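Throw the hints in and build the complete structure from the sequences for me.
Respectively, the protein sequence lines represent chains A and B. Under the numbering used here, the first residue of the first sequence is numbered 1, with each subsequent residue one higher. Under the numbering used here, the first residue of the second sequence is numbered 1, with each subsequent residue one higher.
The hints are simulated quantities; they were obtained by calculation from the structure and are not laboratory data. From a predicted model like this one, the values you see are computed outputs, not experimental measurements. Any given hint might turn out to be false.
Claimed, not checked - Computed cross-link-like contacts, DSS-like style, restricted to lysine-lysine with a CA-CA straight-line distance of at most 25 Å:
1. B:Lys128 - A:Lys324
2. B:Lys3 - B:Lys168
3. B:Lys57 - A:Lys425
4. B:Lys10 - B:Lys139
5. A:Lys94 - B:Lys139
6. A:Lys78 - A:Lys442
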Amino acid sequence: MTRQRKTLFDKIWDAHVVKSSEGHPDAVYIDRHFIHEVTSPQAFDGLRKRNVKVFNPSRTTATADHNVPTIDQHLPIKEALSRHQVETLRKNCKDFGVELYDLGHPYQGIVHIIGPELGLTLPGMTIVCGDSHTSTHGAFGNIAFGIGTSEVEQVLATQCVLQYRPKTMLIDISGTLSKGVVAKDIILYIISKLSASGATGYFVEYAGDAIRNLSMEARMTICNMSIEMGARGGLIAPDETTFNYIKGRKFAPQGDTFDRMVEQWRQLKSDPDAEYDEVVRFDAGDIAPMITYGTNPGMGMKVTDRIPTLNELKDITEQPSFSKSLEYMGLQPGAAILGQAVDYVFIGSCTNARIEDLRLVASMVKGKKKASNVEVWVVPGSKQVEKQAREEGLDKIFEAAGFQLRQPGCSACLGMNEDKIPAGKYCISTSNRNFEGRQGPKSRTFLASPLSAAAAAITGKVTDVRELV
Amino acid sequence: MSKEKFITLKTQAVPLPIDNIDTDQIIPARFLKATTREGFGENLFRDWRYNSDNTPKADFALNNPTYSGKILVAGKNFGCGSSREHAAWAIYDGGFRVVISSFFADIFKNNALNNALLPVQVSDAFLKKIFAAVEKNPKTEITVDLAQQKVILEDGSSEAFDINPYKKTCLMNGYDDIDYLLSLRDEIKHFELAH
Numbered sequence: 001m002t003r004q005r006k007t008l009f010d011k012i013w014d015a016h017v018v019k020s021s022e023g024h025p026d027a028v029y030i031d032r033h034f035i036h037e038v039t040s041p042q043a044f045d046g047l048r049k050r051n052v053k054v055f056n057p058s059r060t061t062a063t064a065d066h067n068v069p070t071i072d073q074h075l076p077i078k079e080a081l082s083r084h085q086v087e088t089l090r091k092n093c094k095d096f097g098v099e100l101y102d103l104g105h106p107y108q109g110i111v112h113i114i115g116p117e118l119g120l121t122l123p124g125m126t127i128v129c130g131d132s133h134t135s136t137h138g139a140f141g142n143i144a145f146g147i148g149t150s151e152v153e154q155v156l157a158t159q160c161v162l163q164y165r166p167k168t169m170l171i172d173i174s175g176t177l178s179k180g181v182v183a184k185d186i187i188l189y190i191i192s193k194l195s196a197s198g199a200t201g202y203f204v205e206y207a208g209d210a211i212r213n214l215s216m217e218a219r220m221t222i223c224n225m226s227i228e229m230g231a232r233g234g235l236i237a238p239d240e241t242t243f244n245y246i247k248g249r250k251f252a253p254q255g256d257t258f259d260r261m262v263e264q265w266r267q268l269k270s271d272p273d274a275e276y277d278e279v280v281r282f283d284a285g286d287i288a289p290m291i292t293y294g295t296n297p298g299m300g301m302k303v304t305d306r307i308p309t310l311n312e313l314k315d316i317t318e319q320p321s322f323s324k325s326l327e328y329m330g331l332q333p334g335a336a337i338l339g340q341a342v343d344y345v346f347i348g349s350c351t352n353a354r355i356e357d358l359r360l361v362a363s364m365v366k367g368k369k370k371a372s373n374v375e376v377w378v379v380p381g382s383k384q385v386e387k388q389a390r391e392e393g394l395d396k397i398f399e400a401a402g403f404q405l406r407q408p409g410c411s412a413c414l415g416m417n418e419d420k421i422p423a424g425k426y427c428i429s430t431s432n433r434n435f436e437g438r439q440g441p442k443s444r445t446f447l448a449s450p451l452s453a454a455a456a457a458i459t460g461k462v463t464d465v466r467e468l469v
Numbered sequence: 001m002s003k004e005k006f007i008t009l010k011t012q013a014v015p016l017p018i019d020n021i022d023t024d025q026i027i028p029a030r031f032l033k034a035t036t037r038e039g040f041g042e043n044l045f046r047d048w049r050y051n052s053d054n055t056p057k058a059d060f061a062l063n064n065p066t067y068s069g070k071i072l073v074a075g076k077n078f079g080c081g082s083s084r085e086h087a088a089w090a091i092y093d094g095g096f097r098v099v100i101s102s103f104f105a106d107i108f109k110n111n112a113l114n115n116a117l118l119p120v121q122v123s124d125a126f127l128k129k130i131f132a133a134v135e136k137n138p139k140t141e142i143t144v145d146l147a148q149q150k151v152i153l154e155d156g157s158s159e160a161f162d163i164n165p166y167k168k169t170c171l172m173n174g175y176d177d178i179d180y181l182l183s184l185r186d187e188i189k190h191f192e193l194a195h
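Structure (structure tokens):
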């Protein structure tokens with residue numbers, strides 16, 4: 001499909017199609033491939049069975065994040081299966097010549113946090129990883145999306161994936177954000193409006209002055225959760241904020257090369273009047289601090305709203321699933337959520353574990369103490385974030401507040417390691433999914449911003465941050 | 001590497017009339033620690049299927065002897081959430097060859113197609129009809145004919161479904177995407193040099 005007035009997505013896609021033939025999906029060249037321990041072992045096995053090498057090992061970067069402990073990372077992993085998975089990653093990277101940022105390495109961390117902070121994630125690229133939150137990287141103006149393990153094997157073997165071109169959706173957020181409203185609230189608001197499947201089949205471009213005014217960290221939070229409304233990915237055209245973030249990063253182009261690249265990157269934008277398959281517009285002023293009450297990220301509302309009643313659902317066929325969800329959460333239709341006691345606070349994940357998120361939390365809790373009924377885990381997104389947090393003295397603020405500052409990993413976002421929320425307990429979490437059992441069997445998750453999570457840590461209950469800021 | 005071929009299938013079905021079944025329900029993250037593709041069926045729908053003491057929950061469809069067959073019928077937005085291919089492996093390993101729903105999440109659909117598991121998208125109305133037919137008679141058999149791209153019920157009613165022609169060819173012949181991509185290696189090398 002060739003359009004006259006192209007979107008940024010179309011431009012980047014077209015520049016990466018190696019072969020497009022009738023009846024076949026496009027063979028799309030991949031500039032950057034990230035792998036981790038959970039979704040890569042079967043792909044390497046496939047290479048061995050086919051007797052194929054990695055096509056271009058320099059384009060793949062590995063780290064261990066999903067399954068790693070967040071305490072005592074210098075010791076061998078206690079749990080045998082987790083240890084085996086990380087050891088398998090080590091062996092595969094060694095056998096196939098792939099760079100690995102292993103536990104203890106200064107660059108180790110959550111795969112979607114280390115890519116940008118190392119300057120591996122750049123505008124105009126195609127980026128994939130066997131992880132649905134690969135959409136995070138789109139904040140830099142590139143096409144980044146999650147893939148399955150068979151596709152990881154495709155990329156390792158050929159540096160390409162076979163993909164059908166998705167449709168495009170523009171989401172424009174214009175206007176001024178209210179006090180206490182941050183990037184996480186914007187994306188939770190969008191998902192609550194479009195539903196957990198509202199963008200399935202689409203690749204989203206976020207635009208509008210409210211997006212333009214955001215930092216790179218905030219843009220990453222927004223792109224990160226594109227998948228939670230079904231979108232394959234989300235991107236934001238690069239600008240000075242993007243270039244300033246990239247400048248000087250470890251693997252980013254340096255000196256004259258950087259300046260030349262910036263000139264090229266400036267061209268990366270949708271044509272005026274580009275044709276999108278769908279356009280959605282929101283007013284930034286309508287967005288308030290958000291919270292989810294159900295078991296998918298589309299079940300979100302303003303923190304001061306009531307949970308809908310069965311009669312208020314737009315589609316009556318959703319009633320059984322809605323009731324099941326609220327029953328799981330131990331909440332009533334029509335009830336308020338403000339003041340609901342919480343047991344755990346989790347600040348972490350590829351959505352909200354960057355330095356800016358930790359600073360936001362610290363700004364809220366400085367000089368305060370956590371409520372006695374809550375346990376608070378702060379899990380930095382990477383070794384570099386952890387180091388910077390300590391250099392800035394954030395560790396002292398957390399310690400004084402009674403928060404535990406842990407070591408980097410995916411942690412309680414998906415509870416693959418020991419960091420699980422116990423059955424029946426409520427956790428206010430800065431992560432991306434509130435699915436049943438996501439944070440541990442029978443755990444109950446409220447998704448919210450780092451500010452809202454910090455506020456709940458202090459009060460011990462769901463709180464409107466606007467009362468504290 | 002060739003995979004199992006899919007042509008047509010006529011079996012009973014297991015109903016799961018729940019919307020938004022995410023990949024964490026299909027296979028919870030704590031069971032993703034294996035480094036092979038096999039064995040995930042054991043933990044398919046783990047937390048819906050078993051109590052915390054590992055005894056089966058009698059009321060869950062997969063534990064109910066009334067239901068059997070190789071077709072899973074589920075509510076809309078099936079497979080949302082994580083990109084874990086383990087979800088498709090678990091369903092396949094659990095004995096299913098087809099999932100019927102009125103809407104699938106993108107990554108799950110790709111993963112299923114790459115593993116000889118056929119995702120069949122039908123209209124909301126036809127999905128309702130299938131649920132009703134299975135509820136009325138759990139022994140009723142459903143035919144999924146890939147060549148004709150049709151789902152046929154025992155009362156003779158049917159609905160056509162879409163599938164990409166390339167993916168259809170792959171499924172019917174047991175072809176694999178990587179074989180196709182490997183055949184393009186020279187073109188990919190050229191592209192990489194010029195890029």
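Evaluated hints:
1. At most 25 Å may separate the alpha-carbon atoms for a hinted pair to count; lysine 128 (chain B) and lysine 324 (chain A) meet this at roughly 19 Å.
2. This hinted pair checks out: lysine 3 (chain B) and lysine 168 (chain B) have alpha carbons roughly 13 Å apart, not beyond 25 Å.
3. At most 25 Å may separate the alpha-carbon atoms for a hinted pair to count; lysine 57 (chain B) and lysine 425 (chain A) meet this at roughly 22 Å.
4. For a cut-off of 25 Å, the pair hint linking lysine 10 (chain B) to lysine 139 (chain B) stands: about 12 Å separates their Cα positions.
5. As the CA atoms of lysine 94 (chain A) and lysine 139 (chain B) are separated by approximately 53 Å, the hinted pair breaks the 25 Å bound.
6. Distance hint between lysine 78 (chain A) and lysine 442 (chain A) is fulfilled; the C-alpha atoms sit about 24 Å from each other, no more than 25 Å.
The earlier numbered hint that this structure contradicts is number 5, and it is the only one.
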